[in-house]
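> Sequence:
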Amino acid sequence: MSEEKSLNFLEQIVEEDIANGVNDGRVLTRFPPEPNGYLHIGHAKSICLNFELAKKYNGQTNLRFDDTNPVKEDIEYVDSIKQDIQWLGFQWAQELHTSDYFEQIYEFAVQLIKKDLAYVDDSSADEIAVSKGTPTTPGTPTPYRSRSIDENLDLFLRMRNGEFKDGEKVLRAKVDLASPNMHMRDPIIYRIKHAHHHRAGDKWCIYPMYDFAHGQSDSIEKITHSFCTLEFIPHRPLYNWFIEQLGIFPSHQYEFSRLNLTYTVMSKRKLLQLVQGKFVSGWDDPRMPTISGLRRRGYTPASIRTFCERIGVQKRDNLIDVSLLEFCIREELNKTANRVMAVLDPVKLVITNYPADQVEELSAENNQEDPEAGRRMLPFSRTLYIEREDFMENPPKKFFRLGPGLAVRLKNAYIIKGESFDKDENGEITTIYCTYLPESKSGGDNSGLTVKGTIHWVSAAHAATAEIRLYDRLFNVENPDGEEGDFKSYINPDSLQIIPNAFIEPGLVNAKPGERLQFLRKGYFSVDTDSTPEKPIFNRTVTLKDAWAKEVKKN
RNA sequence: UGCCUGAUAGUAUAACGGUAGUACGACAGACUCUGACUCUGUUUGUCUUGGUUCGAAUCCAGGUCAGGCAACCA
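Under the working numbering, the first residue of the first sequence is numbered 1355, with each subsequent residue one higher.
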């Protein structure tokens, strides 16, 4: 383990700070979600970054809810966010809420007013927008900019006391209306909202804006390194300006680029549209890039953490290939998931030389990658189900499966040879007939034969049935955000295929929700949260790599 | 057309003035009682033009391209 992993740019910053004795080497980060939606894998990047970086440098991480907008926030989201972070494997030092600082933030505002650095503005939203000018032309002061300190103090108190209606007045910082940075053109720092807050109740009718809450909260908590995404870069001068004018603890903001993944969307707004428009079954639909969706899909916390580590941290825009995420979950599940057999698209197979009333119990390895996983017994009989695609009437030369005259190994059982088949009036094969080699039994094969292919099966009389849900990418274009028009028009209509009656090994009816398995040759699956022994439900987490599918595609 | 970011294989990410490396993907092969896994090999890259330097992905200047910013959202 002498291999040195290079540091990402934020780790470099932290190491430099520690080396220079900044904050006495103390490292305290925070993860600051607004409780107005569910966490997605983009948040996971931020969570991993904040928690792992702090831990690496003997620091800690707070969970702070940025709950400054009561009309959009809800306790439901608070709970889901906490669950998701813990599920990912992280524990915050303190659970904090910006709303707990409202009194102090209010005092900060008063302080600003007293320094003549903030004023109450009676202008309408439109008037303020106009007065801010444009990026190329400076803003102009509204008539209220020159109010006296005393008048501002009085008005602000009356705002707090509920004497005005929503939108009637705002408190603005007095910064620089001519700044090339639009965020410095007297930003609004308090607005009136007569709304019930999920945590503060009805105590307040004025609420601070993000720019006058986030940095202040960082400072109150003495956060040393405040990491956020790139779109907050233009806010940083304001972040620093407030710290300077207020003379409070100098937290520092650093920005990194947010995660984008191919074949999905990542903005909360768009995910909400998918949920509300019923394009998916909910926030935890296994096709969603939400943490809860990935969890239900069968992703593990470790695979998501590994993924976040491999994508790195930088400042350039990126679009990560979802195949990397898939690689991370396959890599883990290959080592940990038991192998079982399930036939998704069954066709009957009759072994004509196998005794009609004989049933054998065959021993099967659970996971050859893990000797500890043990073995299980499987019933075998004359009539089986195999995968329809594993038989071809006129197979091409590279087809290593069953066909007339073609021999193949039944996994954990015998070598069989295809003989004949029945078809119905539509030309669809209904039954395949084959013969088996009794001396080719797995574990004791002395047939002297080797076959190129091995296929999976279940005994028809013993198999249980299950609902299997096959998931594919939610969108059929790599970057739905980058396409013309409504992103929803690029939704993949085949992103969910439900197989109501697949055949599974009898023992699988007892699989517990959340359990992860490999269906041999079909992919990794996990037991759905709605699954019961009476009606087992499996979600496909990810397919196996399929060299044959590629071969077929080529021709 | 103001300000702010950024630009290294298909996608990401290293190299911090000294041999452009790694992962995923793709392609080819070996192995295989999973056409899986594993293993081997191949392919493809420093946005551009100048400058500094013995030497530039790296430093400087100009350009190009991409993204962000003018919510009483965060």
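Careful, some of the hints might be misleading.
As the list claims (entries may be wrong) - Derived DEER-like restraints, expressed as beta-carbon distance ranges:
1. Met1731 with Asp1799: 17 to 25 Å
2. Asn1515 with Gly1836: 42 to 50 Å
3. Thr1897 with Gly1797: 23 to 31 Å
4. Asn1864 with Tyr1787: 56 to 64 Å
What the hints assert, rightly or not - In the DSS-like style, the derived pairs of lysine-lysine whose C-alpha atoms are separated by at most 25 Å in a straight line are:
5. Lys1669 with Lys1806
6. Lys1557 with Lys1622
7. Lys1806 with Lys1795
8. Lys1752 with Lys1842
9. Lys1908 with Lys1632
10. Lys1426 with Lys1469
Hint data in this document are derived by calculation from the structure and do not stem from the laboratory. No residue lacks a Cβ here, since even glycine has one placed at the ideal position from N, Cα and C.
> Each of the hints needs a verdict: does it hold here or not?
Consistency of the hints with the structure:
no.: 1; hint: Met1731 with Asp1799: 17 to 25 Å; verdict: 19 Å, holds
no.: 2; hint: Asn1515 with Gly1836: 42 to 50 Å; verdict: 49 Å, holds
no.: 3; hint: Thr1897 with Gly1797: 23 to 31 Å; verdict: 29 Å, holds
no.: 4; hint: Asn1864 with Tyr1787: 56 to 64 Å; verdict: 33 Å, violated
no.: 5; hint: Lys1669 with Lys1806; verdict: 49 Å, violated
no.: 6; hint: Lys1557 with Lys1622; verdict: 29 Å, violated
no.: 7; hint: Lys1806 with Lys1795; verdict: 16 Å, holds
no.: 8; hint: Lys1752 with Lys1842; verdict: 41 Å, violated
no.: 9; hint: Lys1908 with Lys1632; verdict: 36 Å, violated
no.: 10; hint: Lys1426 with Lys1469; verdict: 33 Å, violated
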